[in-house]
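Participant: Here are the chains, one letter per residue:
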Amino acid sequence: MSNQPKTVDLKLLPPQQILELRNSTEREVEHFTQSLQALQTAQAKLKECLGSVDSMGKSESDDLLVPLSSSLYLPGKIVNKDEYLVDIGTGYFVGKLGKEAKAVYESKIEKLNEDSNKLREILVQKNEIINSMNIVLRSKMAESQGEQSAT
Amino acid sequence: MADVKEEFEKISLEFTTLQNSLNELINGRSKLETQFQENKIVASEFDKLNEDSKIYKLTGPILMPQDYSEAKTNVTKRIEFIEGEIKRVESKINETEQKMETTRDQLLQIRMKMGQ
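Taken in order, these protein sequences are the chains called C and L. Take 5 as the starting number for the first sequence in our numbering and just add one per residue. Take 425 as the starting number for the second sequence in our numbering and just add one per residue.
The reader is advised that the hints may include incorrect statements.
Each pair of labels, with its calculated beta carbon distance range [claimed, not checked]: (1) C/I82 - L/E457: 33 to 41 Å; (2) C/D91 - L/R528: 41 to 49 Å; (3) L/N444 - C/K51: 40 to 48 Å.
No lab work stands behind these hints: they were computed from the structure. A quick note: this is a predicted structure, and the numbers were derived from the prediction, not measured. Note that CB positions come from ideal geometry on N, CA and C, so glycine has one too.
Bound conformation, chain C alone:
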């Protein structure tokens, strides 16, 4: 029981404190949900990169349009289809073959998957804590009402 002191202590706390605790836990849940969303957007972007490498490998033609701005393009030809520059973070780009580039993205996606799973676990735990706090609060309220009607 020592690993869940919160649920044990809860019944002894005054309702005011439980409320405060619930509010701070709710804020934490909000923060974690936002982080989870950010992770998912990042993952979607990485998957897009993977898809680009894949479709580049499959396409027969060497033609493509190079964007100079969001509304201005130049026709171009690909010199080497299996050479990519991969952003590895903090502004560094590394020349890689298609296979290596895909490996980088795949490992990153895998890492993000692990992180999101961890986050999901934490979220489930936090929601359980909020639920148990709600239950205690409700029983406390019922108790005090019972006392009032008894006197």
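Use these hints to put chain L onto chain C, whose structure you have.
Facilitator: Frame of chain C, contents of chain L only:
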């Protein structure tokens, strides 16, 4: 009585400034953590490369070719720097927390005096 009240206001003001600076420090700490993690990923990526790898650094809108060993030492140095910064900010956080503790005690004492 007026003296006590004045002191109370002074100290509670001090307390809020301390609280604000603590929040700022914590923000800075989490930003440093993000940078630290990103640089660590880059460093581990560099470990998989060798002298023949083509490395570029994004400077403004253009990619500048970079030497492998140079880029690697740059990242290692930056990690060291960030680690130092994290230590510095953390000791400041501790310091501010302690100061907050003492001002909180002072506040409580004055409040007791005022209550009498």
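Participant: Which of the listed hints are broken here?
Facilitator: none
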